[in-house]
Amino acid sequence: MTNFPLHKFRRLAVPIVILSVVWTSTTGARAALLYRLTDLGQCTLTNDAAQDITEGGKVGLQQDGLAYAWSAGNLTPAAGLPNNHTIVCVNDMESIAGSHNFEAFLWNNGTKVALGSLEGGWTFCSDINDLNQVIGISYRSSINRYRGFLWQNGSMVEIGGFLPNGRSRPTAISNSGRIVGYATTATTELPFVYDGGTISALPILPGYVRGEAYGLSSNGRNIAGTSRKNYFFDSEATAWIDGRMVALGRLDFSVSTALDVNDWGQVVGSVGYSNDPRAAFLWQNGVMYNLNSLLTNAPGYYIREVFSINNFGQIVGYAYYGEQKRSVLLSPVPEPSTLGLTAAGLVLCLVCARRKQRSVETA
Numbered sequence: 001m002t003n004f005p006l007h008k009f010r011r012l013a014v015p016i017v018i019l020s021v022v023w024t025s026t027t028g029a030r031a032a033l034l035y036r037l038t039d040l041g042q043c044t045l046t047n048d049a050a051q052d053i054t055e056g057g058k059v060g061l062q063q064d065g066l067a068y069a070w071s072a073g074n075l076t077p078a079a080g081l082p083n084n085h086t087i088v089c090v091n092d093m094e095s096i097a098g099s100h101n102f103e104a105f106l107w108n109n110g111t112k113v114a115l116g117s118l119e120g121g122w123t124f125c126s127d128i129n130d131l132n133q134v135i136g137i138s139y140r141s142s143i144n145r146y147r148g149f150l151w152q153n154g155s156m157v158e159i160g161g162f163l164p165n166g167r168s169r170p171t172a173i174s175n176s177g178r179i180v181g182y183a184t185t186a187t188t189e190l191p192f193v194y195d196g197g198t199i200s201a202l203p204i205l206p207g208y209v210r211g212e213a214y215g216l217s218s219n220g221r222n223i224a225g226t227s228r229k230n231y232f233f234d235s236e237a238t239a240w241i242d243g244r245m246v247a248l249g250r251l252d253f254s255v256s257t258a259l260d261v262n263d264w265g266q267v268v269g270s271v272g273y274s275n276d277p278r279a280a281f282l283w284q285n286g287v288m289y290n291l292n293s294l295l296t297n298a299p300g301y302y303i304r305e306v307f308s309i310n311n312f313g314q315i316v317g318y319a320y321y322g323e324q325k326r327s328v329l330l331s332p333v334p335e336p337s338t339l340g341l342t343a344a345g346l347v348l349c350l351v352c353a354r355r356k357q358r359s360v361e362t363a
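The sequence shown maps to residues 1 to 363 in the numbering used here.
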C-alpha cells in the first residue's frame, strides 16, 4: 500500500481546520438550542430591564432608573443624566439613546445631546444605529398627532405615515438607514418599511386586520412584528424573512408578539394573555421554543420577556428570580458541528502520523 505523503496531508488539514472555524462561527448561533443565563442586576423600577444588545455584545439597560451600557461585565453609566428613563438603546460605539421627561436624548462620549422635537412637543426615542442615527416619535400640535422622526448630525426630519395627518411610529433602524415601524391608514394600522424616503406597507397574516413591525435585522432583510385581530386579545407573532411572511405561533397562549430578529432569521419575543407577557420565546427553523426550557443553568429564574437578539444569538430581557425582577443576558451554548468534529479528527490523525514518522526515523 502506498503511503499518503505527510506534507500533502498537512496542506489539506490546514484549510479544513480554517473552514471548520468559519463554519462553526457562522452556524453556532443558528444551531444552538441551549442557553446560559447571566444576571445583569436587579430591576427596582417599572421600566428597568436589559433592552438592547449590539453585534459587539454591548447591552443597553436601565437600572434603578438610570441608563447604562454593559459590556464584558462592566457597567458604564450615562453620567449626568436624570433617572427614570423609558427606552434605552445602545450601539457598538457605546452611544446611548434614551428618553426622559418627554425628551429624547443621545449620550455620546460623556456628553448629553437633546434631540429636539418636530414642533416643540414631547419626544421619545426608539432605536439607534452605529452611525448615531436615532429614530422615535414626536408630538405635532398642529395635527394633534405624534409622527415619526429620524435624527442625525443635529438635525431632525419627519418620517411620514400613510396619511398626511396620521400617526407613524418607527421602531427599528439598521446601519444602512432602513427603518421599520407602524402607521395608521384610513381604517386600521399597518406595519411599514421606510427606505430612501419611501414608505411601503408590509402584509399581515390572513384573517387579521392590523399589525406592527418592531424589530429589524442588521442586514435590513428580516423584520419581526405581530398581526392582530384587535388591539390586545388576539394576535400572532409575525416575521418577514427575506421578503416571505411567516406566522410564528403562540405556544399555549392566546397572544404572541415578535420583538426582534437577526440576520439568520432567529426571532425573539413574548407570549401571554391580553397585554400581559407571560414567557419569552425563541423561534428558529419553523419552531417556537419557550426560552425557559432551553436554559442550562440558573435554576429558579423564569424569563418573562426579551427584547433584542444579535447575530451571535445573544438575547437580552428580564426574568424573575422569586419575587425579584432581574435584567438578564442569554448566551447560546454552541453545539459542535459535524465539520468541526471532522477537522478535529484530521488534526488528531496528523499528530499521530507525525509521531509515527519520527519513531521510524529514530529507529
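None of these hints come from the bench; they were simulated from the model.
No experiment lies behind these values; they were computed from the predicted model shown.
A hint or two may mislead.
Stated by the list, open to error - Computed spacing ranges between beta-carbons, pair by pair: (1) A186 - S293: 25 to 33 Å; (2) N153 - T44: 29 to 37 Å; (3) G300 - R244: 38 to 46 Å; (4) L34 - G286: 13 to 21 Å; (5) Y302 - V333: 15 to 23 Å; (6) S141 - Q324: 21 to 29 Å; (7) Y273 - G154: 38 to 46 Å; (8) N219 - I143: 32 to 40 Å; (9) S141 - R244: 39 to 47 Å; (10) G154 - N101: 18 to 26 Å.
To be verified - DMTMM-like cross-link-like pairs, simulated, lysine to aspartate or glutamate; straight-line CA separation at most 25 Å: (11) K112 - D130; (12) K112 - D92; (13) K325 - D276; (14) K325 - E158; (15) K112 - E55; (16) K325 - D252; (17) K325 - D39; (18) K112 - E94; (19) K112 - D64; (20) K229 - D252; (21) K229 - D276; (22) K112 - D39.
Backbone N, C-alpha and C define an ideal beta-carbon position, used for all residues, glycine too.
Here is what the structure says about each hint:
| no. | hint | verdict |
| --- | --- | --- |
| 1 | A186 - S293: 25 to 33 Å | 43 Å, violated |
| 2 | N153 - T44: 29 to 37 Å | 36 Å, holds |
| 3 | G300 - R244: 38 to 46 Å | 39 Å, holds |
| 4 | L34 - G286: 13 to 21 Å | 19 Å, holds |
| 5 | Y302 - V333: 15 to 23 Å | 19 Å, holds |
| 6 | S141 - Q324: 21 to 29 Å | 42 Å, violated |
| 7 | Y273 - G154: 38 to 46 Å | 44 Å, holds |
| 8 | N219 - I143: 32 to 40 Å | 35 Å, holds |
| 9 | S141 - R244: 39 to 47 Å | 41 Å, holds |
| 10 | G154 - N101: 18 to 26 Å | 21 Å, holds |
| 11 | K112 - D130 | 17 Å, holds |
| 12 | K112 - D92 | 17 Å, holds |
| 13 | K325 - D276 | 15 Å, holds |
| 14 | K325 - E158 | 37 Å, violated |
| 15 | K112 - E55 | 24 Å, holds |
| 16 | K325 - D252 | 23 Å, holds |
| 17 | K325 - D39 | 10 Å, holds |
| 18 | K112 - E94 | 13 Å, holds |
| 19 | K112 - D64 | 19 Å, holds |
| 20 | K229 - D252 | 18 Å, holds |
| 21 | K229 - D276 | 17 Å, holds |
| 22 | K112 - D39 | 28 Å, violated |
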